[in-house]
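Given chain P, put chain F in place with the hints provided.
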Amino acid sequence: MNGSTTMASDTFRIAVLSSTLLLGALGVWQLASTPSVGGRTQGLPGPVAVAKVTWEMLSEPFYDRGPNDKGIGLQVLSSLGRVAIGYGAASVVAIFTGVVLGLNPILLKAANPYIQILKPISPLAWMPLFLYTIRDSTGAMILVIFMSTLWPTLANTAFGVSSIKRDYLNVAALLQLSWWGTFFKVILPAAAPTIVAGLRISIGSAWIAVVAAEMLVGGTGIGYFVWNEWNNLSLTRVIFAILVIGVVGLILDLGFNRLAKAMAYTE
Amino acid sequence: MGAFLEISNATKYFPDPSGGGMQCIFKDIYFEIERGTFVTVVGHSGCGKSTLLNIIAGLERASSGGVILDGKEIDAPGLDRMVVFQNFALMPWMSVYENVRVAVKAAHPQWSAVEVNDHVAKYIEMVGLTGAESKRPAMLSGGMRQRVGLARAFSVEPKVLLLDEPFAQIDALTRGVIQEELVSIWMRTKNTVFMVTHDVDEAILLSDKIVLMTRGPEAEIAEVVDINIPRPRGRTTVIEHPHYYKIRNHIIHFLVERSHQKSRPA
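Protein chains in written order, with my numbering: chain P, 1 to 267; chain F, 1 to 266.
Because the hints were derived from the structure by calculation, they are not lab data.
Computed from a prediction, not measured in an experiment: that's the story for all the values here.
Check before you lean on any hint, since a few could be wrong.
[Unchecked claim] Distance windows between CB atoms, simulated:
no., chain 1, residue 1, chain 2, residue 2, range
1, F, 139, P, 184, 22 to 28 Å
2, P, 88, F, 141, 39 to 45 Å
3, P, 184, F, 141, 27 to 33 Å
4, P, 107, F, 223, 44 to 50 Å
5, P, 116, F, 44, 44 to 50 Å
6, F, 28, P, 121, 57 to 63 Å
For every residue, glycine included, the Cβ atom is placed at its ideal position computed from N, Cα and C.
Next comes chain P alone, as it looks inside the complex:
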């Protein structure tokens, strides 16, 4: 059997199935939203209505008509900006802490119970504490994102570093590499596949957390947009926003998938 032929026919089958699933979902949605014979037209907006709104919103993504009426592009950029700060800071802290813990098995065992307690806490639960202590809603949102992305990267880094082959560290020692030299030339690249896997989980958490945080305290952002449109009773725009959240999340994940491929190595 020719491997590439099998692959090509698989790709075709996947495409057909995938399209069927999409059409099926759209069909169910359309049926669910069709006004009943009784004439109740205030039901769930259907695919056509959402497509129309999508077209409108995407044709002018960066308009700004006051605090409660901004284009979707501005809202997404505002959310991504918060994620970039909170996620970036958390990643640096998590990777450093993870490397230190990963290189010190005793310290890792000592710290592990606390990591395990802190890890399952919903990052939103910290919101009141942050609001009270720093008295700034943007800062509090960024800290919530920080908390949401710290643990997966930290845990993965510690695990990845603790399982680096002794040989690589021995070579670094023989070559008298400095701590930073060892960090950048040996530890980071050796643990990179595991670290990037953690970063990938973390970016997903961050994107989930930012929507929720913005619904609570945001004045801008995609989460705030959802809440605002709910208050306007514009479910069409809410559904549109849900789709946008999904697509942005997908793009972020694809980026990390690429990074993971670039960092991969075979022993």
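Below, chain F alone, put in the same frame as chain P:
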């Protein structure tokens, strides 16, 4: 005042795996290595020969006694000693070129990029890997990987080269070729070499002296055999020398029959 490299009453204890207490791996190991000679330790698995090599490398410490190199006691790794590992220990995320370059840059931090490049190219050529510079270790055979390991170790130009069963994971046909290449490189560079192996033919082909260790625990040196076969040696010529089988039988006989015996204290 001792020799160039002096292993001075080195003793090593490890925690006993079967319970509390410590187990003595080897005891009071003493021998000297002259500058520019090739000395090999042969012994059974578990006699602690690789541990001894790691102590010379500075990767482990002796429980008592120690190692003196060129008049200075060794207590940490250094660029004056480089190890060629049994499992190659190449960085899998680096190309052949980068694996050698990281060593050259570490040994010569003040060199320009051109100087580093020339030096790396010279050692990659020396082991016959020109053309494979951009390949990663995973794409290479075991023999080619160990050539990278040799290039990396030689490129640092260490005072002592430490070979830890360097050819054990290479297929038999390739092993012979690389052994001969190592002989010819060594004839040019005249590094001081300390090797551990359990391959007797390899030891005779390469060494000036062979140190025989008894079985562990509490392994000790049984005797030191001088290999008085003239150089240059090749795999086919060395076995034709009248002393070859005498030496070989002597060592094999030791490994099979006498390595259990403990020398009685005088």
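Comparing the hints with the structure gives:
1. Distance hint check for residue 139 of chain F and residue 184 of chain P: the Cβ-Cβ separation is about 24 Å, which falls inside the suggested range of 22 to 28 Å.
2. Against the hinted window of 39 to 45 Å, the Cβ-Cβ separation of residue 88 of chain P and residue 141 of chain F comes to about 43 Å, which satisfies the hint.
3. The beta-carbon spacing between residue 184 of chain P and residue 141 of chain F, approximately 30 Å, falls within the hinted interval of 27 to 33 Å.
4. Between residue 107 of chain P and residue 223 of chain F, the C-beta spacing of about 47 Å keeps the proposed range 44 to 50 Å intact.
5. The hinted range of 44 to 50 Å is satisfied by residue 116 of chain P and residue 44 of chain F, whose Cβ atoms lie roughly 45 Å apart.
6. Between residue 28 of chain F and residue 121 of chain P the beta carbon distance is about 58 Å. The supplied range of 57 to 63 Å therefore holds.
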